[in-house]
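Letter by letter, the chains look like this.
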Amino acid sequence: MAKENAIKVLQELAAYARSKDAKAMFAWQSEDSRFVRYANSAVSLNTREILTKLEVTVYGDRKMASSSIMTDANDLDSMKKAVDKAVEMLPFAAPLTYQPTISVIPETVISEEAYDSAVVAMTSDDVIAFVEEAVSGLETEDILLSGNISSGVTEQAFMSTESTEAVCWRATDIGITLVLASLQDKWEVNAEQFAGRVEDLDAGALHDRLSWLVELYTTAPAERVPEQPFTVVFGPAALATYVDYHTWIGFNGGAMKRGFAMLNPDDIGQKVLSDRFTLMEDPTLLETYPRPVDQYGRARKPRPIFDRGVFQGFIWRQSDADEFGEKATGHDVTSLSVAMKGGDRKVSTIQEFAALPRDCDILYIPYLHYTGLVNPTKGIVTGTSRFGPLWLKKDGSIAVPYNVRFTVSLKDLFGDNLRWVSEKTVPWGESSHYRSRNPGATVVPVLACVDNINIELSNESF
Amino acid sequence: MGVNWKHLIKRLADRGAEYADVRYVPKEENDTLFMWNGNLIAFDRSEERGYGVRVLVDGAWGFAASSSDEEAEAVFDRAFDNAAAASKRSRRPIRLADKDIVKARFESPCGIDPFEVPLLERVAVMKDIDSALQHKDVPQRVVSINTTRKTIRYFDSEGAEIEKYIIEIFPAIQVGAFDSEGVMQQRGYRPPRLGPTRGWEVMNKEHWKRESDRVLSELFEVIAAPVCPSERCSVILMPDMMFLQVHETIGHALELDRILGYELSYAGGSFVRLDDFGKLQYGSEKLNVRADATLVNSPGSFGFDDDGVAAKNRMLIENGILTGAITSRQMVMEANDRAGREIFPDSGGTSRACAFYRVPIERMTNINVDPGEDGTLEDIIKDTERGVILSGERSWSIGSTREQFHFATDIGWLVEDGEKKGALRNCTYEGMTLDFYRSLSKVGDESTWEVQYVDNCGKGAPSQEMQLGHGVPVCRFDNVKVGE
Chain A
1 MAKENAIKVL QELAAYARSK DAKAMFAWQS EDSRFVRYAN SAVSLNTREI
51 LTKLEVTVYG DRKMASSSIM TDANDLDSMK KAVDKAVEML PFAAPLTYQP
101 TISVIPETVI SEEAYDSAVV AMTSDDVIAF VEEAVSGLET EDILLSGNIS
151 SGVTEQAFMS TESTEAVCWR ATDIGITLVL ASLQDKWEVN AEQFAGRVED
201 LDAGALHDRL SWLVELYTTA PAERVPEQPF TVVFGPAALA TYVDYHTWIG
251 FNGGAMKRGF AMLNPDDIGQ KVLSDRFTLM EDPTLLETYP RPVDQYGRAR
301 KPRPIFDRGV FQGFIWRQSD ADEFGEKATG HDVTSLSVAM KGGDRKVSTI
351 QEFAALPRDC DILYIPYLHY TGLVNPTKGI VTGTSRFGPL WLKKDGSIAV
401 PYNVRFTVSL KDLFGDNLRW VSEKTVPWGE SSHYRSRNPG ATVVPVLACV
451 DNINIELSNE SF
Chain B
1 MGVNWKHLIK RLADRGAEYA DVRYVPKEEN DTLFMWNGNL IAFDRSEERG
51 YGVRVLVDGA WGFAASSSDE EAEAVFDRAF DNAAAASKRS RRPIRLADKD
101 IVKARFESPC GIDPFEVPLL ERVAVMKDID SALQHKDVPQ RVVSINTTRK
151 TIRYFDSEGA EIEKYIIEIF PAIQVGAFDS EGVMQQRGYR PPRLGPTRGW
201 EVMNKEHWKR ESDRVLSELF EVIAAPVCPS ERCSVILMPD MMFLQVHETI
251 GHALELDRIL GYELSYAGGS FVRLDDFGKL QYGSEKLNVR ADATLVNSPG
301 SFGFDDDGVA AKNRMLIENG ILTGAITSRQ MVMEANDRAG REIFPDSGGT
351 SRACAFYRVP IERMTNINVD PGEDGTLEDI IKDTERGVIL SGERSWSIGS
401 TREQFHFATD IGWLVEDGEK KGALRNCTYE GMTLDFYRSL SKVGDESTWE
451 VQYVDNCGKG APSQEMQLGH GVPVCRFDNV KVGE
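Protein chains in written order, with this note's numbering: chain A, 1 to 462; chain B, 1 to 484.
Next comes chain A alone, as it looks inside the complex (with noise of 0.2 Å):
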């Protein structure tokens, strides 16, 4: 449904609610997402999902009640039907023990910059030509193509009935992974690219980069690391897995108020990280598929949250700021835009890097699989290796070891241990999603080294 019909809808839930004395705030959000999927060197599934959902809460004395639906975009009635659902369990809410916001919009803005109609166009024959190329030649009996290619528009919108303006944004995003796999041997190497512009892919360095760990696990010794302390150079999915805890039990004002994050409000103005470490939520970047103005219609400006490591402040959601009594900060969006800023080293990829020399073995760990949050306050995350990691030995050598499991402070891992960080940067997000479309990335550099990660568990196979 194009925007404009978007809004008018919701004019019309808003009047519809404010004929009930009813004081709400709408969601709306539609999305058309297509997804090819690879396994075995085949495509195993090619999918499209065109669906629409509203949520609508309603707010009273301390109070509010929510309802929402999933349904046809033109299905007006059902959409009532919603408002009158949540307007029927307000009285019911138990009471708060704060007064929630309900948003005045001051005025229209709708936001299309991360828009391409290209992607839009974009037809399963083209993706299929666009992998094709990015693993030409590189598919045998044994190592055979998985991937996921995700591509989408995601449109969302927000009312209330406290105003006729309406927040409106608009974004095409296409998240790659491809995977080339040995059915004998196992191991896993991947690609990735996360772009909201078909002009921003490129099949060539895909290519570039399976080409060169497909060699490398078809040539190179196999070998289990030792269980001990290593120096790690890490890639951008594994950077983001870790910058994205930061978001969670970082610098969120309500988890930390919840007693579910490693900071505290004595942090702020504090030294806290290694000053290698600047961190901004910043909605200028067109790479996060950033929104401008948050649901609330306030306009979002970059905001550093780490500066060389000083601790600036915790972000809060309305929500949280009504229950704590903090002022919300402009960051009720579905996606945060979180930066981590590049640099003074000089390196644009792993193959690169692998070609200097270097003063002692660093193992290169390019994405963990499947994190875990082991203790909250202390910012204890553990997770294995996975796709592709090398052993990069003093001597120039390279082999390909097993996967390994570390467990790592975050205040460590991006404080006295972050040894350096790469100048270049790229997006990383995520290909697919639960529930709902939700287009985001984290920007992050291409590379980053910490000293004395400690190897706990180290696979005899892959």
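In case anyone wonders, no lab produced these hints; they're calculated from the structure.
Keep in mind the model is a prediction, meaning the values are calculated, not measured.
Cβ coordinates follow ideal geometry from the N, Cα and C atoms, glycine included.
Please note: incorrect hints may appear among the correct ones.
[Said to hold, decoys possible] Think about it this way: if two alpha-carbon atoms lie no more than 27 Å apart in a straight line, the pair counts; the simulated BS3-like pairs of lysine-lysine are: (1) Lys27(B) x Lys20(A); (2) Lys481(B) x Lys378(A); (3) Lys20(A) x Lys80(A); (4) Lys6(B) x Lys99(B); (5) Lys411(A) x Lys481(B); (6) Lys127(B) x Lys23(A); (7) Lys63(A) x Lys136(B); (8) Lys20(A) x Lys63(A); (9) Lys80(A) x Lys27(B); (10) Lys382(B) x Lys421(B).
[What the hints assert, rightly or not] In silico contact screen, one side only, chain A against chain B (beta carbon under 10 Å); selected entries: (11) Asp208; (12) Ile398; (13) Asn459.
[What the hints assert, rightly or not] Stretch by stretch, here's where chain A covers chain B in the computed footprint (C-beta under 8 Å, at least three residues): (14) 54-67; (15) 113-127; (16) 166-173; (17) 390-400; (18) 403-416; (19) 421-430.
Position chain B relative to chain A; hints supplied.
Chain B in isolation, oriented as in the chain A frame:
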């Protein structure tokens, strides 16, 4: 006038589809009630309706989904076209194992439909529980009740017609307090199977008062407890931890689509190979595991899967030897073909989708460990020289082929010379999957066996969350690495 699903399926067959099915969800309702420190911060009703169409053309799958009845014909065509496009990059044409064609209905066992309980009463029950959890030294308390009611109608081109009517309820409580180091410690409770039905009757007042008191008491134990020592010793897993161990390192490892490489680009593979079936010593002789979708009253029992296959009870591991997998119609054909022998006689009936807009994939049903003959929990403790009793999942992290794992638990208790001693905090344990199960030395009897429910198992791309169950006894494993 409703959509004529059978007509649309026939239309695809006329276009050349080898197979087609549709899952039509006329209504799915979900109520989410979440109370934090007495504040009802989520009081949400969601509804969805729509249909998903799956089509096999020239040996390849296509899928499309929508909520629009008016566009149904176009959506069916879209699924067909997606399959036709996929078939251009086909390596091994998909074939489906035979099944019995049924016209049937399934209804989950429910005493009191939670959606028929007035909201006022539901909130009052939550407030009662919240009151029971209140204590001046407990800064965090959570009470949540998630309920689902849905109808799924399934039709396929082979003539199957199935209707499922499912009601789920997942209540939970959790409390948190800081220990002397300022670390937030938590203790939670999600009820296991409490009887033959699961409806609002599980919100029995006395039961929740008793469990609230226990959870609070154990929270106070853990915040005053010493840190778990780092050493190798026995671990005794209570059912509320054992279920997760089984889930992550037996259940996921034995999903046949993972074994065949269909999840390699996201969820991961499995260390299990096709030639392991019938040979691999997965665990000690005390380990007997089954996938039992016929178990009475569990989210893992759903009558018929989304391939239209009736629920089955199949052994996965017998006396420690790997014998079976979690299977669907497509995967058993491919596995047998690739192995060059018949490993799997037919589908195990485990193909499920979490919503109308997702495609069915192999999902766990009830992955159960049979009770053993090593007595009660007390008997097992008595026979343990040094170990740690572990309870309550706090974090979990598993290798991409499920070959190794790391878990943290809410609480532990030291066992020395056959006696349960004081509580321990910050308990973790880790290990290699096969070494771990081969060290299984005690399996509790029926008195220790509980069916634990899981409401959020994640898998697949696009991602899906699924509900299922695990019937598990208390189990003891030896020489396990534990620590903070």
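For each hint, the structure was consulted:
Straight-line distance between C-alpha atoms of Lys27(B) and Lys20(A) comes to about 26 Å, which keeps the hinted pair within the 27 Å bound. Simply put, Lys481(B) and Lys378(A) have alpha-carbon atoms about 21 Å apart, close enough for the 27 Å limit, and the pair holds. For the proposed pair Lys20(A) and Lys80(A), the alpha carbon gap of about 11 Å is at most 27 Å, so the pair holds. A distance of roughly 19 Å separates the Cα atoms of Lys6(B) and Lys99(B); the hinted pair therefore holds under the 27 Å criterion.
Between Lys411(A) and Lys481(B), the direct Cα distance comes to roughly 25 Å. Compliance with the 27 Å bound is thereby established for this hinted pair. Distance hint between Lys127(B) and Lys23(A) is fulfilled; the C-alpha atoms sit about 25 Å from each other, no more than 27 Å. Annotation: proposed proximity of Lys63(A) to Lys136(B) holds, straight-line Cα distance about 25 Å (limit 27 Å). The suggested pairing of Lys20(A) with Lys63(A) holds, with an alpha-carbon distance near 17 Å, which does not exceed 27 Å.
At roughly 16 Å between alpha-carbon atoms, Lys80(A) and Lys27(B) fall within 27 Å of each other, so this suggested pair holds. About 12 Å separates the Cα atoms of Lys382(B) and Lys421(B), which keeps this hinted pair within 27 Å; it holds. Hint status for Asp208(A): violated, given a least beta-carbon distance of 19 Å to chain B, over 10 Å. For Ile398(A), the interface hint is violated, since its Cβ never comes within 10 Å of a Cβ in chain B; the closest pair sits about 21 Å apart.
Evaluation of the Asn459(A) hint against chain B yields a held restraint, the C-beta minimum of about 6 Å falling below 10 Å. For the segment 54-67 of chain B, the assignment as covered by chain A holds, since 8 residues bring a beta-carbon within under 8 Å of that chain's beta-carbons and 3 suffice. Requiring three or more residues with a Cβ within less than 8 Å of a Cβ of chain A, the coverage given for the segment 113-127 of chain B holds, as 6 such residues are present. Counting residues of the segment 166-173 of chain B whose CB lies closer than 8 Å to any CB of chain A gives 0, which falls below the minimum of 3, so the coverage claim is violated.
By the rule of at least three residues with a Cβ nearer than 8 Å to a Cβ of chain A, the coverage given for the segment 390-400 of chain B holds, with 7 such residues. With 5 residues having a Cβ less than 8 Å from any Cβ of chain A, the segment 403-416 of chain B passes the three-residue criterion, so the hint holds. Figure legend: the segment 421-430 of chain B, annotated as covered by chain A; annotation consistent (3 residues with Cβ-Cβ distances under 8 Å, at least 3 required).
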